[in-house]
Each structure stands twice: as structure tokens, then as C-alpha cells.
Amino acid sequence: MIRSEIIRDIAPILRDQLVVCNIGLPSQELHMIDDQASTFYMLGTMGLSSSIGLGVALAQQKTVISIDGDGSVLTNLGTLPTIANNVADNFILLIIDNGSYGSTGDQPTYAGKKTSLTAVARACGCDNVIECHAKETGIVLQAAIDSKVMTVIVAKCESGNIKVPVITKDPVVIRDRFMNEVARTDE
Amino acid sequence: MSVSKKIVNDFVANGIGFVTTVPCKQLGGVIEAVEKEPSIYHIPSNKEDEGMGLCAGAFMGGKRPAIIMQNTAIGVTVNTLVTLTQFYRMPLPMLISYRGELKEPVACQVEMAVHTKALLNQLNIPTYHFHQPGDEQELDAILKYTFMCNKPVAILTDATFWGGY
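Residue numbers (this note's numbering), protein chains in the order written: chain W, 1 to 187; chain G, 1001 to 1165.
The shape of chain W in the complex, shown without the other chains (with noise of 0.2 Å):
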């Protein structure tokens, strides 16, 4: 499976939560596959989708997903850190590790070398790390959700992409309507 098939398959899962996507490709097929105002696209900044994800959670009290890459994690390998000493358990990590930069043409990052970035989050003091293999990562995250314990899921997968349109959304309306995901009660 490749990252898009992921994506497809925990889509469904996502739809009811908040979601901070990762920048480039992972953003642009979630755009692409299931739009939804609770999903905020980044567009720029490589590297924050955990540390915004983590500032969501840590906000308000509604479950907050970040869907990361490997290559966007080793860009800010110091957020883990501050996960692990920042509990929020309606924070759930997702790291979806292909072993490159898929959005740059696929070069292969340390992750699919020698580096374990789950070994990683539990050396930072994460307690909750589980890898999976990809076809299980729906699972995984749904019982993540369900045990509203904070969580890091390292989702291992095969490289490859697909091809996808490019986001044409405002930025500011994109934050705008996750804004007002946030603030909406359900009742």
C-alpha cells in the first residue's frame, strides 16, 4: 500500500475529527478524496503538523489527529520531545512512514534507512507508540481514538504517489472553518 491508500481507507475514519494534515501531497489527496471544514490543510511550514496538531489538542477538548510523514518529522525531530512532556490525551499522532519525501520526488529519507522513528518517540518518553503495518492503520487509529489516550501511530507503507490537484482553497478560509469545526457543539 502507498500513502494515498491510507488515506483512502481511514478517511472515513477522519471525517468526524479534527485533523491537521501535513503539507504537499498527504494534504492534497485528503483535499482530494474526502474534503471537510475540520481538516486544516497546511499549505507551507514542513515539518509543524504535530506541533500544530499538539497546540489544538492541547486548546480545547475535542480529539485532535495530525497526519505526519517520516521526512516531515526528521525536519522537526524536537517535537517529540515536547509530545511526550505535553500530555494531551485527545492528541493522537499519526506518522505515516514510506521511507521518503514523497512530495519532492521520493527521495529516501534516514526513516527507511537506519532510523526507527517509533524507537525515536519512545526514546523522547511517548508512551503510547504503536507501529502497524499500512492495511491495519484504520484499526490502529480507530482504537486509538477510542482509548482517548494520547497516542503515536507509525504507520509503515510503500513510497509512490499519486497524481493530484494542487489546493486552491483561501488560507485564511481553510483556518477559518476548522476554526469554526473547533468551536461547533454537536448537540
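There could be a bad hint or two in this list.
Calculated lysine-lysine pairs in the DSSO-like style (CA-CA distance at most 30 Å, straight line) [to be verified]: (1) G:Lys-1006 / G:Lys-1025; (2) G:Lys-1036 / G:Lys-1005; (3) W:Lys-169 / G:Lys-1025; (4) W:Lys-62 / G:Lys-1144; (5) W:Lys-135 / W:Lys-163; (6) G:Lys-1144 / G:Lys-1036; (7) W:Lys-148 / G:Lys-1006; (8) G:Lys-1005 / G:Lys-1103; (9) G:Lys-1025 / G:Lys-1117; (10) W:Lys-62 / G:Lys-1103; (11) W:Lys-62 / G:Lys-1036; (12) G:Lys-1117 / G:Lys-1103; (13) G:Lys-1005 / G:Lys-1151; (14) G:Lys-1006 / G:Lys-1144; (15) G:Lys-1117 / G:Lys-1006.
Rather than coming from a laboratory, the hints here were simulated on the basis of the structure.
On a predicted model such as this, the values are computed, not experimentally measured, just so you know.
Once you've looked at the hints, dock chain G against the given chain W.
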């Protein structure tokens, strides 16, 4: 009341409830006062761009954020300021120690100081400079301005303001 405590009181009075900090000797008193303030969630970050990501999230989650950092951070965070904070139009008060100004003992700090205002100017970031004791009187108005216009705003505080190192 200490200047540090007054600064944190202004944060609280303006509804700031989420503050990220990167260590700084000059701003150590403010960081300590932030840590002690029960209405503020204090989250130290490992790098300033990470901190700006946390602040962007906290803002969207409904809390007013602020970041405390050194002016060297301007060199680290240009991309984040432009493609996150400004692009999505989010407010971010940045309380900055202006190292490399008068009374600076470390020559290397001057190398970043000479670029600090030029970079902030290039980025169209409203910039205020606390140079004399008492300049902190303006902080309340600066914070109100920041959350009115939804922009990152820089508050540079130098060694003369803090009474030396």
C-alpha cells in the same frame, strides 16, 4: 512589582493563556513568571519554529498564544512566520530579547542584532522596541493591537531596558 511580573499580568489581562518559550538569560524572569502563572499553559519548545506551530494550533483551538524568544530566532523562523502565521492570518505577540545591542558583552550576538530590525521590516512585522525602563507601559496596547489585526508583532527588549546583563 517587577517588570517581568507586569509583563505577565498584561498577558493575562489580554486573555493570553498559552505561552511557548525558548530559554533566554535576559528573559529568564519573564519565563519564570509565566511558569508560575496558573492561568497560562506554559510549553517550552525546542526551536522557535516549533513554538510558532504550537501557537498556531493553540490559537485555532481557542486560546490566545504568545512566544518568548531571542532575536536569533528571527533567523530561524522566517519561513514559519510567512507561510503559517501571516499566510493564515493569525495573531502572535513575540516578546524578544534584543541581544547584540548596547552593553552586549558577546560579539557574535551583534551579527544577528544588525539584521534584526531589517528582517522584521522586510517581513512587514509591526515592531516595537523597549529601550528605556518604563517602555513596558505600552505592552497592553501592543497586545490589544496584535489581537485586533491578527498579525505577528515583535516586541524587542534590549539590555538597557533590562538594566544590563
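Hint by hint, work out which the structure violates, then give me just those numbers in ascending order. When the structure is compared with the hints, numbers 3, 7, 10 turn out to be violated.
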